[in-house]
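Visitor: Read off the chains here:
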Amino acid sequence: DTGVSQNPRHKITKRGQNVTFRCDPISEHNRLYWYRQTLGQGPEFLTYFQNEAQLEKSRLLSDRFSAERPKGSFSTLEIQRTEQGDSAMYLCASSLETGRNEQYFGPGTRLTVT
Amino acid sequence: QQQVKQSPQSLIVQKGGISIINCAYENTAFDYFPWYQQFPGKGPALLIAIRPDVSEKKEGRFTISFNKSAKQFSLHIMDSQPGDSATYFCAATYGNKLVFGAGTILRVKS
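Here the protein sequences come in this chain order: G and V.
One point on numbering: in the numbering used here, the residue at position 101 of the first sequence is 100, and numbering is uninterrupted.
For any residue, its number in the numbering used here is found by taking its place in the second sequence, counting from 1, and adding 38.
Read the hints as simulated data drawn from the structure, not as lab findings.
Not one of these hints is a red herring.
Quick list of the computed label-pair ranges, beta carbon to beta carbon:
1) G:GLU27 x V:GLY98: 22 to 28 angstroms
2) G:THR37 x V:ILE50: 23 to 29 angstroms
3) V:MET116 x G:ALA52: 38 to 44 angstroms
4) V:THR66 x G:GLN49: 21 to 27 angstroms
5) G:LEU59 x V:ALA108: 28 to 34 angstroms
When the alpha-carbon atoms are kept at most 25 angstroms apart in a straight line, the in silico DSS-like pairs for lysine-lysine are as follows:
6) V:LYS80 x G:LYS10
7) V:LYS43 x G:LYS56
8) V:LYS147 x V:LYS80
Think of the CB as a built atom: it goes at the ideal place given N, C-alpha and C, for glycine as much as any other residue.
Please build the complete structure, drawing on both the sequences and the hints.
Guide: Structure representation (structure tokens):
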């Protein structure tokens with residue numbers, strides 16, 4: 000399967016701890032996106048990379064959140080000092096750099112902050 | 039202005055029937071309108087998409103109808119099957135990011 004992969008699939012952490020998620024995009028895709036989805040809602044955009052450059056960040060992405068894509072391949076999303084409100088599904092998507100902007104999503108990482 | 043409004047919130051359809059989900063938007067800068075299907079515990083899967091210069095696109099049992107002047111678009115699922123039971127999201131592209139509707143939970147009764 001050459002789809003988008005995310006690890007871990009589930010993460011339970013205590014409030015105040017730091018967590019890091021990984022996303023591996025489809026191999027030929029140079030654009031990578033992070034979204035957050037809470038229960039009963041559609042995904043909300045967090046940030047996006049073109050190759051290794053982080054080109055856009057949402058206001059949802061507080062200073063406790065940081066994302067990297069160091070070599071233009073996989074990406075990591077780190078949340079520092081987690082809060083209960085951070086509990087959500089974190090989704091990664093990737094796309095080619097074309098006008099069609101077809102974004103393909105991974106299975107997500109379900110974060111629960113206790 | 040970046041919102042996409044989706045209705046209904048939930049929908050029950052008999053097997054073999056037509057499922058219709060509607061979306062409306064305000065931002066005329068949106069230039070790409072995909073629909074995603076999501077099963078519980080999974081990520082959204084791209085189903086079908088349309089550009090605003092086309093009024094209709096059909097792929098198998100799935101059809102998007104697009105009304106640019108009304109700023110509305112809809113998904114029609116023909117011959118709905120129990121396996122189609124899922125949450126459906128409309129979306130629109132603003133810059134390089136997707137703006138999603140709130141979702142419609144579809145249940146197809148056998």
